[in-house]
Amino acid sequence: MFLMLIIISVIIILVEGLPLARKKQRKEFYTLISLLTIALTLGLVQQIGIPTPIELLEDLLYPFGKAIFR
Amino acid sequence: MLKKEIISTNQFVWMLFMIITSITVLEIPGLLIHSVGRDAWLAVMLAWFFDVLLAIVYAYMGLRFPGQNFIQYSVTILGKPFGRVLGLMFPLFFLLAASNLMKAIGILLSTMILPKTPMIVILTLGYLLIAYALKKGIEVVARVSEILSPIYLISFILLFITIIPSVKMDSLKPQLAEGFYPIISGSLLIWSFIGICIMMAMYIPISNSPSDGFKAKFIAVSLGAFVISILVTFSIGVFGSEQAGNMINPGLQLVRVVSIRNINVRLDAIWFIIAIGAGILTSANLIWASSLGISQIVGLSTHKAMIYPVTLLAFVISMTSFHSSRELLNFSLYVFPLIGVFVEIGLEMFLFIMALFLKKRG
Chain X
2 MFLMLIIISV
12 IIILVEGLPL
22 ARKKQRKEFY
32 TLISLLTIAL
42 TLGLVQQIGI
52 PTPIELLEDL
62 LYPFGKAIFR
Chain G
543 MLKKEIISTN
553 QFVWMLFMII
563 TSITVLEIPG
573 LLIHSVGRDA
583 WLAVMLAWFF
593 DVLLAIVYAY
603 MGLRFPGQNF
613 IQYSVTILGK
623 PFGRVLGLMF
633 PLFFLLAASN
643 LMKAIGILLS
653 TMILPKTPMI
663 VILTLGYLLI
673 AYALKKGIEV
683 VARVSEILSP
693 IYLISFILLF
703 ITIIPSVKMD
713 SLKPQLAEGF
723 YPIISGSLLI
733 WSFIGICIMM
743 AMYIPISNSP
753 SDGFKAKFIA
763 VSLGAFVISI
773 LVTFSIGVFG
783 SEQAGNMINP
793 GLQLVRVVSI
803 RNINVRLDAI
813 WFIIAIGAGI
823 LTSANLIWAS
833 SLGISQIVGL
843 STHKAMIYPV
853 TLLAFVISMT
863 SFHSSRELLN
873 FSLYVFPLIG
883 VFVEIGLEMF
893 LFIMALFLKK
903 RG
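Top to bottom, those sequences are chains X and G.
Under the numbering used here, the first residue of the first sequence is numbered 2, with each subsequent residue one higher.
Under the numbering used here, the first residue of the second sequence is numbered 543, with each subsequent residue one higher.
Careful: at least some of the hints might be erroneous.
Unchecked claim - 25 Å max Cα-Cα, derived BS3-like pairs, lysine-lysine:
(1) LYS901/G x LYS28/X
(2) LYS658/G x LYS25/X
(3) LYS25/X x LYS846/G
(4) LYS24/X x LYS901/G
(5) LYS546/G x LYS25/X
(6) LYS678/G x LYS25/X
(7) LYS546/G x LYS846/G
Unchecked claim - Covered stretches of chain X, as calculated for chain G (at least 3 residues, CB under 8 Å):
(8) 48 to 58
(9) 61 to 71
Simulated from the structure, these hints should not be mistaken for lab results.
Note that beta-carbon positions come from the ideal geometry of N, C-alpha and C, so glycine has one too.
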């Protein structure tokens, strides 16, 4: 899946990022790159077996939810 | 200069109805019956009442800060640094809700209809559709919702009418056997899902009649609550509370038992097409809100360039989380409601109180 994510990210940069860079819309370009980096990091984190933020959130809230919605 | 996108009140109502009904019907009925049992319909009614009260706050804030959604007025009320941090929680919540819903759709499809198709294929196709729809703009999504939502509602009404002969009302007795606690906790559970229609605050600034915000939400929530309460009642009436509570999707099982003149007509494929279409459109709405919210927090001139990256992010969250239906159900039953109540009620009430206290206006 990680390879697929890299390919999709490159396509998004070519389709959306390059026009932004050409128009000198730097803020938009950096935000786009940041979002893609987060997506790739999440994919990588899963690949190497580190808990994802959703799993951490689940570990944190599950006991409270279990107590309320028993 | 980009053309400002505008939706009508009619589209506003149908989009909200679709969001409420898709999320609740695809994820909640089994969990709600499992958690509340025979009193599930009472929990839905209580959640409806609380949600209508909350809608008054959202509608008031929409009018107090004209042309602003909650992400923008959180910055107006709390100032840039703190307002941005608080405002970011809304788009993140929508992103989580969209990923959760798409994974629910994926699991439902792979267990019921496409058992040999890999999850990645199902989700890729779904997210491609979402990205395509959103690139066309929210007006296009609104127009499609205006067509699909009434069909969705009619499909429920037809289902309810045809299933009536199979419903045993005795299965619903006795009511309140476990006391009030399950109803109250169940109403919180369903409220956190119905409450995703805080999306109304994203629609009010693009609506052609912002003052109709409360009316739109009231109609949509009432229709949605009607559908979900009848659905859980009939599911218990047909299967009994224990069996219905153990089903992934009691709505789909109800469709499967529909028979006309004792001939089983197997309408589940048609119902599936409508329900999945509505689910994908709902996710599109949530991802639109998320990309718009992120753009507004960062201060971008347009959100259009963020649609593909945010859709990819939602795809990655769907793929990397909730590896089985059991994990997804646990998340939806024990974790999502807490996040939902915090964002939908906690944050908005905090903003409301701070706006009054600091005497802020738009």
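Taking the hints in turn, this is what the structure says about them:
Taking the CA atoms of LYS901/G and LYS28/X, the gap is near 32 Å; set against the 25 Å cutoff, the hint is violated. Between the alpha carbons of LYS658/G and LYS25/X the distance comes to roughly 47 Å, so the proposed pair goes past 25 Å and is violated. Taken as a hint, the LYS25/X and LYS846/G pair is honoured in the structure, with Cα atoms around 16 Å apart against an allowance of 25 Å. For the suggested pair LYS24/X and LYS901/G, the alpha carbons sit about 40 Å apart, so the restraint of at most 25 Å is broken.
Between LYS546/G and LYS25/X the CA atoms are separated by roughly 23 Å; this keeps the pair inside 25 Å, and the hint holds. With a C-alpha separation of about 24 Å, the suggested pairing of LYS678/G with LYS25/X holds against the 25 Å cut-off. In summary, the hint linking LYS546/G to LYS846/G is supported, as the alpha carbons are separated by about 12 Å, within the 25 Å threshold. Residue count for the segment 48 to 58 of chain X with a Cβ under 8 Å from a Cβ of chain G: 4. That meets the three needed, and the coverage hint holds.
Against chain G, the segment 61 to 71 of chain X contributes 8 residues with a C-beta closer than 8 Å to a partner C-beta. That satisfies the three-residue criterion, and the hint holds.
The structure is inconsistent with the numbered hints 1, 2 and 4, although it conforms to all the rest.
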